[in-house]
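Chemist: Residue numbers (the working numbering), protein chains in the order written: chain A, 1 to 392; chain B, 1 to 158; chain C, 1 to 243.
Since the hints were made in silico from the structure, they are not lab data.
Note that this is a predicted model, so its numbers are computed, not measured.
Ideal placement from N, C-alpha and C gives every residue a C-beta, glycine not left out.
One or more hints might be untrue.
Pulled a few chain B residues facing chain A out of the computed Cβ check, cut under 7 Å [said to hold, decoys possible]: (1) Asp6; (2) His9; (3) Gly29; (4) Val31.
Derived lysine to aspartate or glutamate pairs resembling EDC-like cross-links, with alpha carbons at most 16 Å apart [to be verified]: (5) C:Lys146 - B:Asp6; (6) C:Lys169 - C:Glu104; (7) A:Lys219 - A:Glu79; (8) B:Lys124 - C:Asp105; (9) C:Lys170 - A:Glu354; (10) A:Lys273 - A:Glu41; (11) A:Lys184 - C:Asp121; (12) C:Lys34 - C:Asp239; (13) A:Lys50 - A:Asp231; (14) A:Lys347 - A:Glu41; (15) C:Lys224 - A:Glu261; (16) C:Lys108 - C:Glu213; (17) C:Lys108 - C:Asp121; (18) B:Lys124 - C:Asp121; (19) A:Lys50 - A:Glu155; (20) B:Lys56 - C:Glu104; (21) C:Lys224 - A:Asp260; (22) A:Lys156 - B:Asp49.
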Amino acid sequence: MNGVEGFMYPNEIGLQWSVLIVLYPFITGLVAGAFILASLERVFHVEAVKPTYRLALLTALSFLIVAPLPLQLHLGHPERSPEMYFTPHSTSAMAMFGYVYLWYLMAVLVFEIWLDYRKDIVLLSQSSKGILRILYKLMSLGSSNISPRALHIDEKVGWIVTLIGIPSAFLLHGYVGFIFGSIKANPWWSSPLMPVVFIFSAMVSGIAGVMLIYMATTKLRRQKIDMRCVDTIAMYLFYIFIIDFSLEMLDLIHRIYEADESFRSLDFMVHTKLYIPHIVIQIVLGTATPLVLLFITLIVKFPEQIRKRIYVTSGCLAMMGIFAMRWNVVIGGQLFSKSFLGYTTYKMALVTREGSLVALGLAILPLFILWALIKLLPPWSSEKQAQPATGD
Amino acid sequence: MNAFKDAGHLFRFAGLFVLAFIIFLVVRGYVVPKSFGQYGHYRGNAITDIAAHPAKFAGHEACETCHSDVADAKNKGKHAHVNCEACHGALAKHAEDPASVTPAKLDTAILCARCHTASAAKPKGFPQVNPADHSNGVPCETCHQPHNPAIADAGGAK
Amino acid sequence: MNLSRRHFLVLAPAAAIAWKAVLAGTPDQAANYKLSDHWWGMLIDVPKCIGCGNCVRACATENDVPDGYFRTWVERYHVNDENMTNPEVISPDGGKEGFPVAAEDAGKYFFVPKMCNHCADSPCTQVCPVGATFVSPDGVVLVDPKYCLGCAYCVQACPYGCRYIHPEKKTADKCTLCYHRITKGLTTACCENCPTGARQLVDLKNPKDPIHEFLKTHPVQVLKPQMATGAKAYYNGLDGSVR
C-alpha cells in the first residue's frame, strides 16, 4: 500500500521532514566548518592557511544567508516564524535557532568580516562612484578612521570575536545535532553523540568546501595555487575526518553491541532501504575512500599535479559523504515505524515547494551570493577583480 | 580618552545593536498576544477557543430528555450501554431543534453486521454470527428489535 | 416513537434551551467548570474492544478529521506462539470501516484502540519552539492552531505516532480529548459511540468517578512506559506484544 511494508502507525506513513531539512544542517555545517578553518589562522596562528582566511569568512557568510530559506519553505506558517523571537520556548532546542542564528550572523561573522575588511571598505568608499560609493559609505558606518591605532584595535577585537566565534560556531551547528539527539521517541536519532558527530562532520564538509572553493577560484583567476596552504588544509581535513569517522563507528558498534528493541528494525533498514545512501555513498565512497586517499598523500610525496587531483577528488567525495550523512539521519530516521514493525518510502517530488529542484537551487544559491561578495569585498590584495566562482 | 577616539567605529556598531534591540522590544510589546503566559508558555485564550467548538454528537442524556420511552426499553436489554448516536449518527442539530433535522432511517443490514459479524479476532464471549448463515438474507430487525434485541418469543434474552 | 404531542410541546423547547446553554459554555466562564478541579485521562479496556471502528468514525465526524489522518485509530494484533516479539499488526484505514474477518487459527487476536495519551510529562510539548502546544491545567494536551508554525517537531517527538500536520490548516493536529465536550459535562465522541464500553473517559481528580475506582482495583498499563511520558491513557488487559 503506497510504499509501506509491514505495519506503521497510520499518521507515520508520510514523511514530515523533507530534503530541505537535510539541506539545512548541511548548510549550517558548511558555515561552522568554514569558520573553524578561518579561526585556524586567526587564533591558532597556522600561517600556512592564511590565503584562505578571507575566502573562508565570505563562504561562511554566503551559506549563512541562505540557511534560513529551507526552513522557511518547510514551515506550514512561515509568516509566524517571528514567534520564535518573541516567545521562544526555553525547553525546545529548536527555539534557540532564532537567537543563535542572529548572534552568529551579526555578533560573530558580520562583525569579524567588517573588522577585517574595514580598511578596504573605507578606501573603497573613497575611490568608487555611484551606488557602490553609497553602499561602502553605509558599510563603514560613517567612520573613516583607519589610523594604525584604530586598525590595531580592530585586530585585537577581531581576535576576541574569533575566539568567541569558535564555540558560537559549535553552538550554531551543534544545536541542530541536539534537535535530533534529544528525541527519545526516535532511536535512530536519540544519542548523546549526535551533536558531536554533527559538529565534526560539519568541520569536514566546511574545510573540504573552502579548500575546493579556494582551488577553483584561484584557477579561475589564473593564479598559482599555494600548495603549502592546500597541503596544510588537507592535513587538517584528514585529522578531523579521522575523529568524525571514529565517532560514527563508535555509535555503530555501540548500537550493534547493545542490540536494544529498535536494533532489528534499524539493522534491516540500513541493509535494505538505506543501503545505497548509507553503506555505499556515506561510508565507502564518502568516508573510507577520501580517508585512504588523504592518508596516502600524507605518507607518499606525490608531485603537485597528482596531489591537486587527489585533493579535489577527496574534497568532492567528502562533501558528498557528509550530505549523505545528513540524509541518512533525517530521512533514515523517518523511514521506519516507531512500532518497529514496518517501513515507508520517501517520495521526493521534483517541482513542489519542498522538492528536489528547490533543494538544488538552494544548494547553489550560496555560490552566487559568494560571487557577489567577492566582487564587493575582494579577498585578494591584487588589483584584478575575482572571476565568478563556480565551486566544484 | 585617545583609545576611545580610535574606537569610535566600534561604538557605532554597538549602537546598531542597541537600536535593533529597542525596536525589537517595542514590536514584541504589540505582537505577543495578551493572554500569552496566563497559564503557562502558551496563549491562554487558546483554551477558550478550543472549548468553544460546537459539538456534533448530542450525547445520550440529551436524547433521553425527549425519548425516555426508548431509553427505558433499551435499559432493560443487552444494548443498554450502546448509546443512541452510536447507531443513529451525530444528532446535536436534532437535539437543538428537533424539527429542523429528521434522523435518517437506518439500514440494519450494514449497521448490525458492523459489530456482530463473526470473526476469530473478536472476543469469544461477544455475540457474533455469520450474517449469511444466520438469517438467510432476512433483515435483522425482523426478529431483533434494535433497542432491545432479545427475541421475546424464544423466552428470554440471548 | 410514542411521544404524545403535549409531551413534545413541553419537552422540546426545554431541551433546546438546555442544549443551548451547554453549547454556549466556556470552561473558565461556566459556573460549574473550574480548570483546577479536573485532571483528565482515558481508560481503554482491551478485552472489550470488538474492532467495530465506531470510535474512529465518530471522532472523524465530531472533529472534522481529514481523510487519511487519524486522531484515533484501532490496531488489530495477531500473536502466535512463535512471534510474541514480532506480532502481525494491521490497521486498515485506521480501522475506520472495521476489520476484515479473521480466520480461526492457533494464535490470539485482539484489538487495541490508540489515541493521544495526553502525557503529563509530554515530550511533544517540550519540543515546541514557540509554545503552540501545551498541557492544559486540567491535563489535556492541546494545540493552538492560531499560533502553530507547522514545523512538525512535535510530530517527530511523539513516541506514539498520534500527531500529524493538518493538510489544509498546515498546523499540528491531534486528539483533543474532545475538550469542547468534556468541559461541558459531555463525554468524548469516541467514548459516547463505543458500543461495548471499551473506551471510558476518566477524571483522575474526581474520587467519585467510577473509572477512577476501576483504575485503583485493576492492573493497568500505559504504552511505552520506559519513555516515562506520564501517559494518561490507561490500558486494561494490555498484551506484552503491543507496540
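Chemist: Decide, hint by hint, whether the structure agrees.
Modeler: Hints, verified against the model:
1. Because the closest C-beta pair between Asp6 of chain B and chain A is about 4 Å apart, less than 7 Å, the hint holds.
2. Look at His9 of chain B: its Cβ gets to within about 4 Å of chain A, closer than 7 Å, so that hint holds up.
3. Because the smallest distance between the Cβ of Gly29 of chain B and any Cβ of chain A comes to about 10 Å, over 7 Å, the interface hint for this residue is violated.
4. For the restraint placing Val31 of chain B at the interface with chain A, the shortest Cβ-Cβ distance is roughly 6 Å, inside the 7 Å limit, so the hint holds.
5. In summary, the hint linking Lys146 of chain C to Asp6 of chain B is not supported, as the alpha carbons are separated by about 51 Å, beyond the 16 Å threshold.
6. For the hint pairing Lys169 of chain C with Glu104 of chain C, the CA-to-CA distance comes to about 44 Å; that exceeds 16 Å, so the pair is violated.
7. A threshold of 16 Å between alpha carbons decides the hint, and for Lys219 of chain A with Glu79 of chain A the separation of about 43 Å lies outside it, so the pair is violated.
8. Restraint check: the Cα-Cα separation between Lys124 of chain B and Asp105 of chain C comes to about 13 Å, which is no more than 16 Å; the hinted pair holds.
9. Proposed proximity of Lys170 of chain C and Glu354 of chain A is supported: the alpha carbons are some 14 Å apart, at most 16 Å.
10. The straight-line distance between the Cα atoms of Lys273 of chain A and Glu41 of chain A is roughly 42 Å, outside the 16 Å bound, and the hint therefore fails.
11. Distance check on the hinted pair: Lys184 of chain A and Asp121 of chain C sit about 13 Å apart at the alpha-carbon level, within 16 Å; holds.
12. A threshold of 16 Å between alpha carbons decides the hint, and for Lys34 of chain C with Asp239 of chain C the separation of about 37 Å lies outside it, so the pair is violated.
13. Restraint check: the Cα-Cα separation between Lys50 of chain A and Asp231 of chain A comes to about 13 Å, which is no more than 16 Å; the hinted pair holds.
14. About 44 Å separates the Cα atoms of Lys347 of chain A and Glu41 of chain A, which puts this hinted pair outside 16 Å; it is violated.
15. Restraint check: the Cα-Cα separation between Lys224 of chain C and Glu261 of chain A comes to about 12 Å, which is no more than 16 Å; the hinted pair holds.
16. With a CA separation close to 29 Å, the supplied pair Lys108 of chain C and Glu213 of chain C exceeds the 16 Å bound.
17. Straight-line distance between C-alpha atoms of Lys108 of chain C and Asp121 of chain C comes to about 33 Å, which puts the hinted pair past the 16 Å bound.
18. Taking the CA atoms of Lys124 of chain B and Asp121 of chain C, the gap is near 37 Å; set against the 16 Å cutoff, the hint is violated.
19. Of the supplied pair hints, the one linking Lys50 of chain A and Glu155 of chain A holds, its CA atoms being roughly 15 Å apart against a limit of 16 Å.
20. For the hint pairing Lys56 of chain B with Glu104 of chain C, the CA-to-CA distance comes to about 39 Å; that exceeds 16 Å, so the pair is violated.
21. At most 16 Å may separate the alpha-carbon atoms for a hinted pair to count; Lys224 of chain C and Asp260 of chain A meet this at roughly 14 Å.
22. Annotation: proposed proximity of Lys156 of chain A to Asp49 of chain B is violated, straight-line Cα distance about 56 Å (limit 16 Å).
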